[in-house]
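Listed below, chain by chain, are the residues.
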Amino acid sequence: MNETNFAEMQATFLEVVEKLTFMFGEEAEMDEIEVGDEPWVEARMKFTGDLNGSLAVIVQESLQPEIAANILGLDADGIDTKEMLDDALREMLNVVCGHVIMALVGQDSNFDLFAPSNEVLPSEALQVLMSDSATTAYLLDDEPLLLHLQIEQG
Amino acid sequence: MAFNILLVDDSMTVRAVIKKALTLAGVDVGNIYEAENGAVALEVLDKEWVDLVFADISMPVMDGEQFVTKLNESGAIQELPVVIVSSAGSEPRIARLKSLGVRDYIQKPFTPEQIREVVDSVMGVASHE
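Heads up: the protein sequence lines correspond to chains S and G, in order. Using my numbering, you'd call the opening residue of the first sequence number 1 and step up by one each time. Using my numbering, you'd call the opening residue of the second sequence number 1 and step up by one each time.
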């Protein structure tokens, strides 16, 4: 991915997330991201077509209620099941993924999105992601968020 | 006139957001039915009277394109307005879906106003045919 595409991806991601969650997003440096003690949750989905690969959104568990509540237009207290929290994170990823792919390869591109899945990331896997150049860091309402875009070559 | 509406999406979040948007937009809603994929949606349509369908594209078991194809093959799509709500709507795909009879397309994320405009447009056209 060249620098123009990279900037396009970041701008698209922030625009879509703000529109979907009504939360303020900004780019961050990886060394601004504090891992802390609480679990990090990853939502990941594959895509195929004019662009093949996968996209993942990774957040701390404590951010999930706010994301879900903002998407649903509810109080965070009203989001009471892990299923709802995980579904909302998957949906945020789903929306972001479609926009990012079209930003990278165009509105006239052909692609298929596959069902996203969630998992709690082991700390070793989180460290690997954070040191991967395909991972970008953001702050969403001042809380850390990682985006990992893996594009298959060839 | 109250519309019976079928929401077809594997995400409960999206189904909840569309329901809320319909309310905020002031759409006169009768019954709302929900289906997590196209196959379940076809079962609902066999049993219930539905005026309008909002359907996603990417779903397990039977996706939105397969669902619309089934409605096209049965001829049902001529009487039943289907609106696609998705983030996977590239121009070629939307053109293909419209050729199968889909009335309109809403890109996620959407606003209640966009939902209102589409309901007005789609149901207005349908009621004058």
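Keep in mind that a hint or two might mislead.
To be verified - In silico DSS-like pairs for lysine-lysine, Cα to Cα no more than 30 Å straight-line: (1) G:K47 - G:K98; (2) G:K20 - G:K47; (3) G:K19 - S:K46; (4) G:K98 - S:K46; (5) G:K70 - S:K82; (6) S:K19 - S:K46; (7) S:K46 - G:K47; (8) S:K82 - S:K19; (9) G:K70 - S:K19; (10) S:K82 - G:K98; (11) S:K82 - S:K46; (12) G:K19 - S:K19; (13) S:K19 - G:K98.
Calculated from the structure, these hints are not laboratory results.
Comparing the hints with the structure gives:
Among the hinted pairs, K47 of chain G with K98 of chain G is consistent with the structure: their alpha-carbon atoms are about 26 Å apart, no more than 30 Å. Note on K20 of chain G and K47 of chain G: the hinted pairing holds, with a Cα-Cα distance of about 25 Å set against a maximum of 30 Å. With a C-alpha separation of about 28 Å, the suggested pairing of K19 of chain G with K46 of chain S holds against the 30 Å cut-off. In summary, the hint linking K98 of chain G to K46 of chain S is supported, as the alpha carbons are separated by about 26 Å, within the 30 Å threshold.
The suggested pairing of K70 of chain G with K82 of chain S is violated, with an alpha-carbon distance near 34 Å, which exceeds 30 Å. In summary, the hint linking K19 of chain S to K46 of chain S is supported, as the alpha carbons are separated by about 23 Å, within the 30 Å threshold. About 35 Å separates the Cα atoms of K46 of chain S and K47 of chain G, which puts this hinted pair outside 30 Å; it is violated. Between K82 of chain S and K19 of chain S, the direct Cα distance comes to roughly 23 Å. Compliance with the 30 Å bound is thereby established for this hinted pair.
Restraint check for K70 of chain G and K19 of chain S: not satisfied, since their Cα atoms lie roughly 33 Å apart, outside the 30 Å limit. With a CA separation close to 37 Å, the supplied pair K82 of chain S and K98 of chain G exceeds the 30 Å bound. Proposed proximity of K82 of chain S and K46 of chain S is supported: the alpha carbons are some 23 Å apart, at most 30 Å. The straight-line distance between the Cα atoms of K19 of chain G and K19 of chain S is roughly 18 Å, inside the 30 Å bound, and the hint therefore holds.
Restraint check for K19 of chain S and K98 of chain G: satisfied, since their Cα atoms lie roughly 26 Å apart, inside the 30 Å limit.
Checked against the numbered hints listed earlier, the structure breaks hints 5, 7, 9, 10; every other hint is satisfied.
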